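Engineer: Here the protein sequences line up with chains A and B, keeping their order. UniProt numbering puts the first residue of the first sequence at 1, with every later residue one more than the last. UniProt numbering puts the first residue of the second sequence at 1, with every later residue one more than the last.
Hints were generated in silico from the structure; no laboratory data involved. Just so we're clear, the structure is a prediction, and the values are computed from it rather than from any experiment. A portion of the hints provided could be inaccurate.
[To be verified] List time: in silico DSS-like cross-link candidates among lysine-lysine, alpha-carbon distance up to 27 Å:
hint : chain 1 : residue 1 : chain 2 : residue 2
1    : A       : K214      : A       : K169
2    : B       : K169      : A       : K169
3    : A       : K467      : A       : K524
4    : A       : K377      : B       : K524
5    : B       : K377      : A       : K169
6    : B       : K89       : A       : K214
7    : A       : K81       : B       : K377
8    : B       : K377      : B       : K442
9    : A       : K89       : B       : K89
10   : B       : K401      : B       : K81
11   : B       : K511      : A       : K169
12   : B       : K511      : A       : K377
13   : B       : K511      : A       : K467
[Stated by the list, open to error] Covered by chain A, per the in silico footprint, the following chain B stretches (three or more residues, Cβ under 8 Å):
hint : region
14   : 180-193
15   : 248-254
16   : 283-295
17   : 319-331
18   : 379-386
19   : 405-419
[To be verified] Residues of chain B placed beyond 10 Å of chain A at every Cβ, according to the derived structure:
hint : residue
20   : L57
21   : K357
22   : A462
23   : R518
24   : M527
Glycine included, each C-beta is placed from N, C-alpha and C at the ideal position.
Number of protein chains: 2
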Amino acid sequence: MRKFVTDRAKRLLSISCQYQHLHRPLSSSQSRLFSSDPLSSSSSMASPSGSSTSLTLQTINPKVLKCEYAVRGEIVTLAQKLQEELQAKPGSHSFDEILYCNIGNPQSLGQQPITFFREVLALCDHPSILDKSETQGLFSADSIERAWQILDQIPGRATGAYSHSQGIKGLRDTIAAGIEVRDGFPADPNDLFLTDGASPAVHMMMQLLIRSEKDGILCPIPQYPLYSASIALHGGSLVPYYLDEATGWGLEVSDLKKQLEDAKSKGIAVRALVVINPGNPTGQVLAEDNQREIVEFCKQEGIVLLADEVYQENVYVPEKKFHSFKKISRSMGYGEEDLSLVSFQSVSKGYYGECGKRGGYMEVTGFGADIREQIYKVASVNLCSNISGQILSSLVMSPPKVGDESFESYLEERDGILSSLARRAKTLEDAFNSLEGVTCNKAEGAMYLFPRIQLSEKAIKAAEAVKATPDAFYCRRLLNATGIVFVPGSGFGQVSGTWHFRCTILPQEDKIPAIVTRLTDFHKSFMDEYRD
Amino acid sequence: MRKFVTDRAKRLLSISCQYQHLHRPLSSSQSRLFSSDPLSSSSSMASPSGSSTSLTLQTINPKVLKCEYAVRGEIVTLAQKLQEELQAKPGSHSFDEILYCNIGNPQSLGQQPITFFREVLALCDHPSILDKSETQGLFSADSIERAWQILDQIPGRATGAYSHSQGIKGLRDTIAAGIEVRDGFPADPNDLFLTDGASPAVHMMMQLLIRSEKDGILCPIPQYPLYSASIALHGGSLVPYYLDEATGWGLEVSDLKKQLEDAKSKGIAVRALVVINPGNPTGQVLAEDNQREIVEFCKQEGIVLLADEVYQENVYVPEKKFHSFKKISRSMGYGEEDLSLVSFQSVSKGYYGECGKRGGYMEVTGFGADIREQIYKVASVNLCSNISGQILSSLVMSPPKVGDESFESYLEERDGILSSLARRAKTLEDAFNSLEGVTCNKAEGAMYLFPRIQLSEKAIKAAEAVKATPDAFYCRRLLNATGIVFVPGSGFGQVSGTWHFRCTILPQEDKIPAIVTRLTDFHKSFMDEYRD
Chain A
1 MRKFVTDRAK RLLSISCQYQ HLHRPLSSSQ SRLFSSDPLS SSSSMASPSG SSTSLTLQTI
61 NPKVLKCEYA VRGEIVTLAQ KLQEELQAKP GSHSFDEILY CNIGNPQSLG QQPITFFREV
121 LALCDHPSIL DKSETQGLFS ADSIERAWQI LDQIPGRATG AYSHSQGIKG LRDTIAAGIE
181 VRDGFPADPN DLFLTDGASP AVHMMMQLLI RSEKDGILCP IPQYPLYSAS IALHGGSLVP
241 YYLDEATGWG LEVSDLKKQL EDAKSKGIAV RALVVINPGN PTGQVLAEDN QREIVEFCKQ
301 EGIVLLADEV YQENVYVPEK KFHSFKKISR SMGYGEEDLS LVSFQSVSKG YYGECGKRGG
361 YMEVTGFGAD IREQIYKVAS VNLCSNISGQ ILSSLVMSPP KVGDESFESY LEERDGILSS
421 LARRAKTLED AFNSLEGVTC NKAEGAMYLF PRIQLSEKAI KAAEAVKATP DAFYCRRLLN
481 ATGIVFVPGS GFGQVSGTWH FRCTILPQED KIPAIVTRLT DFHKSFMDEY RD
Chain B
1 MRKFVTDRAK RLLSISCQYQ HLHRPLSSSQ SRLFSSDPLS SSSSMASPSG SSTSLTLQTI
61 NPKVLKCEYA VRGEIVTLAQ KLQEELQAKP GSHSFDEILY CNIGNPQSLG QQPITFFREV
121 LALCDHPSIL DKSETQGLFS ADSIERAWQI LDQIPGRATG AYSHSQGIKG LRDTIAAGIE
181 VRDGFPADPN DLFLTDGASP AVHMMMQLLI RSEKDGILCP IPQYPLYSAS IALHGGSLVP
241 YYLDEATGWG LEVSDLKKQL EDAKSKGIAV RALVVINPGN PTGQVLAEDN QREIVEFCKQ
301 EGIVLLADEV YQENVYVPEK KFHSFKKISR SMGYGEEDLS LVSFQSVSKG YYGECGKRGG
361 YMEVTGFGAD IREQIYKVAS VNLCSNISGQ ILSSLVMSPP KVGDESFESY LEERDGILSS
421 LARRAKTLED AFNSLEGVTC NKAEGAMYLF PRIQLSEKAI KAAEAVKATP DAFYCRRLLN
481 ATGIVFVPGS GFGQVSGTWH FRCTILPQED KIPAIVTRLT DFHKSFMDEY RD
């Protein structure tokens with residue numbers, strides 16, 4: 001069997017990230033940058049005769065071709081195909097259902113929405129029932145009151161109108177107040193840009209920062225592939241820094257410095273640092289000291305800190321607590337003049353898990369008024385984000401309080417979800433660690449486990465023979481045998497020669513034992529089949 | 001006074017579009033292309049000392065700097081400031097309220113949503129009330145039935161889950177069926193991509209088509225500035241073609257050909273033609289014959305037809321009817337092999353006017369499977385559009401039918417809105433035409449009038465003195481004097497030396513007389529003040 005590459009020194013000499021080249025691992029180099037050199041075959045304009053259009057893969061924007069997004073990639077496409085087969089012909093596979101563990105999509109796996117949030121949304125969608133007597137019997141008193149409050153914040157009570165391009169001012173006031181409660185430092189509603197989920201906010205910042213492949217963005221490896229995809233689409237260079245699996249996916253500032261200098265020496269101007277806390281796909285929660293070092297690094301280097309804080313409510317271990325980077329920087333005495341910081345938040349994660357509502361915001365601090373105007377202009381081109389998502393963003397930052405009619409039920413729903421997630425994380429972590437050749441760090445937070453799997457030479461050769469990366473090969477075999485959908489680690493980036501997969505902790509608790517059994521059985525037979 | 005430039009031959013010799021350079025009219029040239037040459041001052045990377053970040057207007061992405069979006073531009077920013085002043089100090093201006101005629105945002109001006117649509121949305125947001133007896137008293141029977149139908153189309157009835165990246169399959173089935181009813185030709189749900197309003201769909205196509213400033217997109221002048229903004233953000237070249245004001249904003253295919261050839265001679269590869277029908281800001285509805293010529297042109301040249309059909313329900317004159325480009329091309333016998341066609345639709349327009357819901361779709365036909373996969377991949381990076389918007393898209397393409405409980409009230413609401421819009425369009429058109437030096441084409445469709453105003457040399461010089469274009473100068477003066485918000489024609493593009501503004505037809509009918517009076521009084525005093 002192949003030996004684990006556990007030696008950090010050795011790792012630093014031989015690192016690459018395969019995620020943008022699923023079928024063709026890159027040559028190893030610690031400082032490998034993902035630049036957006038146009039593909040060599042992309043410049044022909046010739047129209048193929050007999051076709052309706054001159055458009056071919058050779059003539060579309062090569063940045064689009066280059067972009068990859070693994071969590072909805074080929075494994076998921078295969079899963080959708082299998083699901084259709086199961087529907088058309090029940091019993092056609094050895095499993096009854098597809099278990100989507102590929103994506104942080106809680107409600108698709110049975111998680112129920114928070115009742116209070118949905119009551120308010122329904123009332124804002126159809127305000128003409130607010131005055132009716134039947135409504136009292138159907139909705140909680142505080143949801144009715146909150147709906148009135150929100151409607152009064154919307155000019156003309158028009159929930160069907162475009163809003164200010166940053167979002168409805170009254171809702172931004174509520175969110176800013178929620179941030180103040182969370183952080184203990186002031187928040188300005190004019191710093192908030194409400195967006196359709198966090199993804200468009202990330203794109204907006206990449207669009208602002210990236211001019212060419214000579215502009216680099218420091219991203220963790222492993223990373224959430226929105227970042228590599230967005231950097232590719234905007235034609236920049238992903239400058240990787242490496243989370244240390246051996247220390248629970250630790251982030252070492254010395255590595256940030258090293259990668260930054262290395263990028264500089266190649267003519268890459270690093271413009272921003274992406275930090276995902278709690279980590280996706282890695283589940284670690286940063287320690288306060290570590291966050292201070294990161295802030296200091298960004299301040300010293302004059303680069304923008306892009307803080308992905310969408311999992312701020314998802315912390316499962318008592319010894320760790322979420323601290324926003326804004327709170328950390330303010331507690332260090334740093335203000336607007338010291339650090340350019342963007343914090344991303346979303347209604348899709350947390351205990352709410354309202355992915356389909358596409359709500360979110362970014363808090364933009366430490367930028368000049370002229371730059372802010374440019375961000376506003378780009379936001380205005382798409383007019384505004386959806387109002388239901390805006391309302392929901394205000395609700396998650398201002399949930400029911402002690403004394404409100406819904407408070408007890410809200411608390412029960414919230415804590416029920418979070419404690420169940422913590423149990424599921426632990427059960428799955430233990431299950432992975434009990435598998436031969438698999439090691440799995442704890443999910444301190446977020447919604448994922450990212451176990452490492454040691455694959456035999458025989459398995460690696462079998463993967464090569466079908467032009468797959470070994471981790472994709474394993475995931476495909478797992479899906480075909482069990483209906484369980486994992487995402488290969490190569491979709492997120494991983495140290496060269498190591499293999500991982502990402503698994504969400506989201507399947508409902510009553511399904512976890514069956515998942516563990518199916519996974520364990522499959523894994524055993526896979527390992528036996530490919531033993532060297 | 002300056003003479004109207006009515007001679008078409010003269011116009012063709014002297015055309016420019018000012019909309020990307022509000023304060024600095026370009027040198028005249030019929031074939032002026034809007035290319036994305038980087039700004040000369042944009043390459044410095046130096047960090048200004050004493051600042052928190054190296055980010056300045058000189059170091060952000062110059063494509064962002066170049067992008068303009070007039071309908072939320074400087075005039076609107078001024079309007080928001082005046083509104084705040086009015087709120088803080090009532091009576092501080094000579095008017096009581098700001099009248100936003102700048103943007104097609106019906107519900108912000110008091111238009112009520114269609115009751116049935118909102119009932120269904122509310123029920124889908126909070127499905128747990130569907131079974132309750134009180135619900136029967138609050139909601140129409142067919143809205144309850146429709147909500148059940150929709151929930152059954154959503155896997156796990158989870159309206160809070162990410163959907164398929166093209167949108168929920170069952171909703172796409174409904175939309176496809178609605179398109180078939182509209183056109184009389186088949187529609188495939190797999191051709192539909194549901195998006196957060198039409199704007200992200202337009203961006204997605206521009207992203208796919210544009211590789212560099214050597215790629216051109218043929219756009220009407222005047223145009224809706226989403227197009228110029230999106231082309232600028234993606235670094236392409238806007239290749240203008242000119243709608244003929246003298247013939248009711250006629251589109252001449254000979255001009256398309258001329259502009260295409262001219263672009264080719266400059267090394268610009270034209271990849272697509274944008275047609276907005278009904279027209280924005282120009283309000284014309286294309287004749288069927290004209291549409292056939294356009295289809296033939298795209299087929300012959302092998303370029304993609306991007307059909308902005310978001311105003312398909314907004315036609316106000318009996319002699320014109322909306323025909324989709326898909327229907328036209330299919331009725332010509334052209335299929336998938338003959339024409340690459342994208343049709344954009346939105347829930348923001350029509351009689352529904354649900355701008356804040358951010359729903360819409362594009363129907364993509366005549367592209368190879370490999371290109372479609374690339375579009376899907378880009379859609380998947382943002383996961384999916386918001387589910388309420390998806391549901392609403394299905395509702396507008398499948399409203400209540402004869403026999404449904406809501407049918408009569410739905411019809412009354414719909415026809416009330418559309419006939420009122422037709423009356424408002426006519427009243428405002430007549431009002432503009434009664435002003436000295438103003439001529440205004442009929443709004444056959446859409447939501448706007450685009451009157452032309454003849455400004456004196458004195459007015460033009462006064463504008464120059466404050467570094468404004470003459471049309472922006474007029475609009476600013478109008479706003480300061482009356483609270484009425486128009487958008488200067490330079491934001492849309494106009495023939496060199498002519499001046500226009502865009503005015504929506506959306507203010508409520510009872511406000512129109514006051515608007516006309518205020519406008520007329522202002523205009524008279526403006527003309528007197530600046531008489532040569």
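Engineer: Are the hints correct? Go through all of them and say.
Structural biologist: The hints, checked one at a time:
1. A:K214 - A:K169: violated, 38 Å
2. B:K169 - A:K169: The given pair, whose Cα atoms are some 35 Å apart, is violated under the 27 Å limit.
3. A:K467 - A:K524: holds, 23 Å
4. A:K377 - B:K524: violated, 34 Å
5. B:K377 - A:K169: Cα-Cα ~34 Å, so violated.
6. B:K89 - A:K214: With Cα atoms ~51 Å apart, B:K89 and A:K214 exceed 27 Å; violated.
7. A:K81 - B:K377: holds, 17 Å
8. B:K377 - B:K442: Roughly 42 Å between the alpha carbons, so the hint for B:K377 and B:K442 is violated.
9. A:K89 - B:K89: Violated, because 70 Å separates the two Cα atoms, which is more than 27 Å.
10. B:K401 - B:K81: The hint is violated at about 45 Å.
11. B:K511 - A:K169: holds, 26 Å
12. B:K511 - A:K377: Given that 27 Å is the threshold and the Cα spacing comes to 30 Å, the pair is violated.
13. B:K511 - A:K467: violated, 68 Å
14. 180-193: violated (count 0)
15. 248-254: violated (count 0)
16. 283-295: violated (count 0)
17. 319-331: n = 0 at 8 Å, threshold three: violated.
18. 379-386: holds (count 7)
19. 405-419: As far as the region 405-419 of chain B goes, the hint is violated, because 0 residues have Cβ atoms under 8 Å from chain A.
20. L57: violated, 5 Å
21. K357: violated, 6 Å
22. A462: holds, 26 Å
23. R518: holds, 20 Å
24. M527: holds, 32 Å
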